Amino acid sequence: MTGQSSPAATAAAMISMVGVEKWYGDFKALTDIDLSVRTGEKIVLCGPSGSGKSTLIRCINHLEAYQKGEIRVDGILLGDSARTIDAIRREVGMVFQQFNLFPHMTVLENCMLAPMRSLRASKAEAEATARKLLARVKILEQADKYPAQLSGGQQQRVAIARALCMQPKVMLFDEPTSALDPEMVKEVLDTMIGLAEEGMTMICVTHEMGFARQVADRVIFMASGAIVEEAPPAEFFTRPRHERTRAFLGEILRTH
Amino acid sequence: MGSDEFLFLLAGLKWTVALSAVGFIGGGIAGLAVALARTSEYPLLERVTASYIALFQGTPLLMQLFVVYYGLALIGLKLDAWVAVSIGFTLHASAYLGEIWRGSIEAVPKGQTEAAKALSLNYVSRMKDVILPQAIRISLPATIGFLVQLIKGTSLAAIVGFTELTRAGNIISNQIFAPLLVFGIVGVLYFIMCWPLSLYGARLERQFAAASR
Ligand SMILES: Nc1ncnc2c1ncn2[C@@H]1O[C@H](COP(=O)(O)OP(=O)(O)OP(=O)(O)O)[C@@H](O)[C@H]1O
Ligand SMILES: [Mg+2]
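Chains Y and W supply the protein sequences, listed in that same order.
Per the working numbering, the very first residue in the first sequence carries number 1; after that it's consecutive.
Per the working numbering, the very first residue in the second sequence carries number 1; after that it's consecutive.
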């Protein structure tokens with residue numbers, strides 16, 4: 001049976017990945033991933049392009065299937081059945097690099113759709129939640145606009161509010177500021193910092209090292225589909241153990 | 001040409017409109033099913049519908065009408081000409097609209113489906129609320145273009161004895177021996193139906209081009 005609570009051993013972990021492997025055809029994109037994220041913990045995931053960061057977090061909400069190992073979210077084993085996938089997606093919010101707002105819906109409608117469809121919220125409930133969360137990301141006054149009428153930073157804040165409307169227990173961010181003009185990065189990072197301070201469990205793929213220093217409990221460095229190194233930010237940035245981490249940090253700090 | 005003859009042409013026009021409407025609506029419903037099957041990510045379903053589309057796109061419409069009309073008669077199903085051409089046009093339109101809409105569904109950025117999945121929307125909601133509203137917009141110019149082709153294509157139904165506008169024109173022209181006049185009027189009637197649609201399609205196309213800039 002899937003979808004049941006896990007044994008007590010993993011009960012403290014909001015997300016646990018054990019021996020996860022993922023192939024795209026013959027190409028192995030994830031190698032033996034072991035990762036356990038406690039409730040309320042903030043993880044920053046970094047690594048060179050193609051190292052498997054997106055693949056890793058996309059496995060957690062089954063945007064990608066994995067072939068080996070086990071992933072659990074809040075005790076639910078992520079199997080192939082539509083039911084467990086759905087159960088996990090209801091607990092896991094995701095924010096994308098390209099925002100992916102629904103262009104034919106207003107900001108408010110973007111935020112109301114999933115609660116009404118997946119959680120069977122009434123229209124009034126969904127709207128109240130949406131307004132509350134739009135206010136929280138400081139964009140309530142744009143509620144009746146369409147995404148194309150907003151700046152990139154505003155769109156990304158709407159995308160965060162839209163994910164939060166599902167009352168997720170975990171938030172995944174895949175390079176949420178990479179597509180933004182520099183002057184808009186801060187407003188999105190500030191929103192994420194606020195979320196972190198409220199205790200959300202988060203995995204953020206980002207190369208914003210200032211954010212990592214300020215927010216992360218652990219920084220994880222990936223290369224070639226494997227986790228190479230993980231450490232609290234103070235240690236990660238000052239005493240990286242692996243040569244590849246040092247090379248990567250050198251590169252990042254030079255270009256950012 | 002007297003008013004009786006003209007009324008006869010208008011009766012033919014009525015059948016042209018009716019056949020176009022039936023073909024478009026029936027073909028639209030079946031075409032949506034074809035498009036959804038074609039993008040279903042079930043290999044068998046995709047292959048079957050790909051063949052279906054190829055079959056109808058790769059053969060002349062006239063032959064398709066013959067097959068339905070005479071073919072079904074051959075296996076003992078004697079259909080009224082009206083029913084036979086309706087089936088023929090519905091099948092034909094379902095394949096073309098299915099292919100147009102497949103392309104439109106695939107033209108919606110992949111991130112839309114991913115965002116919808118991440119929000120735990122199920123397949124029905126992903127399609128109905130997120131993908132199809134965008135795909136329909138994308139497909140409108142091509143869909144209208146196909147409707148214009150379909151209206152003109154209904155003239156082929158004359159060959160299996162269905163009295164639509166073209167056949168009505170033929171009959172009148174044989175009665176009053178004024179082919180140029182009669183077919184001139186017939187042409188104008190087709191033009192009045194198709195031209196506004198073409199204009200509308202072109203306008204939508206310009207609008208979308210402007211919006212995506
Ligand atoms: N759909 C796919 N089919 C085949 N290979 C893929 C697919 N998606 C990703 N890959 C490959 O898997 C590897 C990991 O990709 P992934 O997108 O997870 O990297 P990433 O660390 O997120 O990189 P980036 O920083 O560029 O976003 C890459 O080598 C990529 O080419
Ligand atoms: Mg990536």
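These are computed hints drawn from the structure, not numbers from a lab.
Be aware that a few hints might be false.
Claimed, not checked - With a straight-line cut-off of 27 Å between C-alpha atoms, the simulated DSS-like cross-links for lysine-lysine are:
no.: 1; chain 1: W; residue 1: K78; chain 2: Y; residue 2: K169
no.: 2; chain 1: Y; residue 1: K145; chain 2: W; residue 2: K117
no.: 3; chain 1: W; residue 1: K110; chain 2: Y; residue 2: K68
no.: 4; chain 1: Y; residue 1: K28; chain 2: W; residue 2: K152
Stated by the list, open to error - Some chain W residues near chain Y, calculated using beta-carbon distances under 7 Å:
no.: 5; residue: G28
no.: 6; residue: E106
no.: 7; residue: A107
no.: 8; residue: T113
no.: 9; residue: L121
no.: 10; residue: S125
Model, not experiment: these values are computed from the prediction.
No residue lacks a Cβ here, since even glycine has one placed at the ideal position from N, Cα and C.
Worksheet item: Of the hints given before, which are not true for this structure?
Response: 1, 4, 5, 6, 7, 8
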